[in-house]
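Engineer: So the chains spell out like this:
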Amino acid sequence: MSANKYQPHVLVLPEDDANRQIANGFQLKTSKVRQMQVLEVAGGWKQVLASFASNHVPEMRRSPHRLLVLLIDFDGNLGRLETAKANIPGDLTDRVFLLGVLSEPEALRGSLALSYEDIGSALARDCRDNTDETWGHHLLRHNEGELQRLRDRVLPILFP
Amino acid sequence: MIQRLYVHNFRCLENFELPIKDRPSVLLIGNNGAGKTTVALALQILQRIARGTNRVADLVKPKDFARGRGDVPMRFEAEVDIDGRVYSYAIAFDFPPGFRELRVIEEKLAVAGTAVYSRELSEVHLVRTSQDTEATFRIDWHLVALPIVQTKSERDPLFVFKNWMSRALILRPIPSLITGASEEETLEPGLLGQDLGAWFSGLLAYAPSAYSRIDGYLREVMPDFKDIRNPEIGKDARSLVVQFSNDSGRMALPFEELSDGEKCFMICALVLAANEAYGPLLCFWDEPDNYLALSEVGHFIVTLRKAFQGGGQFIATSHNPEAIRRFSDDNTLVLYRRNHLEPTTVRALKDVEISGDLVSALIRGDVER
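Note that the protein sequences, when read in sequence, are chains U and H.
Quick note: the working numbering has the first sequence finishing at residue 141, numbered continuously throughout.
Quick note: the working numbering has the second sequence finishing at residue 492, numbered continuously throughout.
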């Protein structure tokens, strides 16, 4: 029996393997491991949106305690954020979050000289400590708006 | 934390070094027969020495030589960081013609590069310390010296190393064998988990506060868990009973009636509590995801990984996609063996070129090239 389905919980849908490893590192630093689940890699940002539409929209409507974080690469195109947001039904916008590296995680890893998992852990530490040492990196800074929503809704679940 | 494990000429491990230095948690993956469980067997030999098995024939046998090569020494070496000091233990065996069992040809324990004792064949040399003069004595070369040499105190390097190694958790539990019954207490559970009741008793006798960690974890994974008791059922005999309760009532179940997966939750709870109570520990768990529901595997693995981030070392093996995904390229090691005539090789996943998703590549057999 899964313990968290009837409590607030966070699913993370990563675009690719690099984002999955970042999410792994994040989860290792959360206080409530069981309230977060990293899902199978979707295989591309369009596949993230397709999986969201076909699998997660109906399930989220049945699971009011569920929040969903979509991890996508922006590939230098911030217009992708608006494109992706347009795919989120109005009744779910407050429970779906879109985050990602401005270019791609490989560039962030090179710039920070950290493993993907360590990047995820650093991002979690920022969330826990209410700092933006890593979130403030120029490849992540564009997430500021979503991060604020994350701080309001997701972080109280993972860092109560 | 193990900084270095080197094994030579033991089964499929030849000139084999496990690169796990400074890694709090590591996953070993690879095909059946690649050598993952043999790594556990090598650790188990060191653990059994530390726990007091000193007869060489009880530790290794002629059939354990890689491809029967008894003319080449079989060697086990471990470097372990305990409280910031590196303890190095090495032992080598050979099997001369005419012998019926292996013998020790070299053995050494050192701390921070300074020998505590060294040995060649039957001659053991104890190094002089501030308290003791140096000494040389002879022992049967079919006996290992480590369990025999007298320790002076709990600060004696011999005691520190033996205590750390003997308390390592090397696990391959078979839940159907675990009844929860016990007639003694231990902090040194066996491979299959049959003595879980004794481990529970020993852990709580050693650190009663460990119960709160056990209780906290079991409540997370089984929301109707109420408590676990260990009542006497006879002279010097106890048996675990687990109580559940919710709005509609309560029930008590003998431990042996729990499901296989629920018994694994209990083992996990004891691992977490033990690492806090008398750790930091080494925990090698061979396929921890066995018996677990798919929805639990990820939480189970992440819980263990997280617990050992604060101290100790968790090594797992797995074929389970969900367990594999809960590790990353930097802490996943790929063991590979081309065929039964060739030895195991090991590489960090980050050094292996993979196209696309790791699990898909594993299914395709494209990881080991």
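It is worth saying that the hints were derived from the structure and are not from the lab.
As the structure is a computational prediction, the values presented were derived from the model and not from experiment.
Treat the hints with care, since some could be wrong.
To be verified - A few chain U positions that, by computed beta-carbon distances, are all more than 10 Å from chain H: (1) Arg1; (2) Gln8; (3) Leu9; (4) Val14; (5) Glu21; (6) Val22; (7) Gly24; (8) Ala31; (9) Ile69; (10) Asp75; (11) Tyr97.
As the list claims (entries may be wrong) - Derived SDA-like pairs (lysine to any residue); straight-line CA-CA distance at most 25 Å: (12) U:Lys27 - H:Lys429; (13) H:Lys429 - U:Ser96; (14) U:Lys(-14) - H:Glu385; (15) H:Lys186 - H:Asn462; (16) U:Lys(-14) - H:Asn462; (17) H:Lys473 - U:Asp(-2).
Beta carbons: idealized from backbone N, C-alpha and C, even for Gly.
Engineer: Are the hints correct? Go through all of them and say.
Structural biologist: Here is how each hint holds up against the structure:
1. Arg1: It is violated; Arg1 of chain U is separated from chain H by about 6 Å at its closest Cβ, not greater than 10 Å.
2. Gln8: 6 Å, violated
3. Leu9: Not fine: 5 Å to the nearest Cβ puts Leu9 of chain U too close to chain H.
4. Val14: Violated: least Cβ distance 5 Å, not greater than 10 Å.
5. Glu21: 7 Å, violated
6. Val22: Violated, because the least Cβ-Cβ distance between Val22 of chain U and chain H comes to about 5 Å, which does not exceed 10 Å.
7. Gly24: 7 Å, violated
8. Ala31: Non-interface label stands for Ala31 of chain U: nearest chain H Cβ at 16 Å, farther than 10 Å.
9. Ile69: 25 Å, holds
10. Asp75: 26 Å, holds
11. Tyr97: Per Cβ check, Tyr97 of chain U is inside 10 Å of chain H; nearest 6 Å; violated.
12. U:Lys27 - H:Lys429: 32 Å, violated
13. H:Lys429 - U:Ser96: 17 Å, holds
14. U:Lys(-14) - H:Glu385: 19 Å, holds
15. H:Lys186 - H:Asn462: 18 Å, holds
16. U:Lys(-14) - H:Asn462: 45 Å, violated
17. H:Lys473 - U:Asp(-2): 12 Å, holds
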